[in-house]
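**Student:** Sequence:
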Amino acid sequence: MTDVWIRTALGAKDFALGESIAVDGACLTVVERGGDSFRVQAAPETLRRTTLGAAAPGSRVNLERALALGDRLGGHLVSGHVDAVSEVLETRPEGGSWVMVFRLPEALAPFFIEKGSVAIDGISLTVNTVGVDRFSVQLIPETQERTTLRAKAVGERVNLEGDMIGKYVARLVSLRQGPGGGLSEAVIKAAGFGG
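Numbering (the UniProt record's numbering), first residue to last: 1 to 195.
These are calculated hints, taken from the structure and not from any lab test. Note that the Cβ used here is the ideal one computed from N, Cα and C, for glycine as well.
Restraint-style ranges between C-beta atoms, simulated for each label pair:
id	residue 1	residue 2	range
1	E45	I165	22 to 32 angstroms
2	E142	Q41	29 to 39 angstroms
3	A9	A56	18 to 28 angstroms
4	D36	F193	35 to 45 angstroms
5	E90	V31	37 to 47 angstroms
6	A153	A109	19 to 29 angstroms
7	E185	D36	41 to 51 angstroms
8	S79	T2	20 to 30 angstroms
9	A54	E90	17 to 27 angstroms
10	F193	G11	38 to 48 angstroms
Restricting the straight-line Cα-Cα distance to at most 25 angstroms, the calculated cross-link-like pairs of lysine to aspartate or glutamate (DMTMM-like) are:
id	residue 1	residue 2
11	K167	D133
12	K152	E106
13	K13	D36
14	K152	D133
15	K152	E142
16	K13	D71
17	K152	D83
18	K189	E106
19	K115	E142
20	K167	D71
Using the sequences and the hints, build the whole thing.
**Tutor:** Printed below as a string of structure tokens:
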């Protein structure tokens, strides 16, 4: 188990012990707090499957408290269970927005559709385009200002969480189709998803 102290302007004194906090999209548990900092523990699996294992002390991270039952849902469902690590392939301005292109891990490809959802470092975003091995998103000025994504350079790594509903649909379809059954864009569209 690795202890990680995180300093935040969110007000760590308000965090409850045992509360779940997403750190760059990885759901971690608050085990201690003091002043403007709180401590979480990262299991070896978390360090292997996310960018957190390679994060240097002082690195900026995205933080988000867990959604409480009854709260307004302002994005898509994000569990904090990182599916894969990806890397930035390209960045460019477009109007007032910022386009980012990421490598699409093969195992996640079935869950990506244009105008679908993805969480990148815990940030709920709309998928703009999907290619064979890449996908793009577009950051509005608010997202550029309030998250760490805009500062990511080509080659830097990010945590990805595929769309939860897409993952459940894929699982149900594969169970229905039996052994060797698969999920394709055509099957997803036939099930009423992806317009």
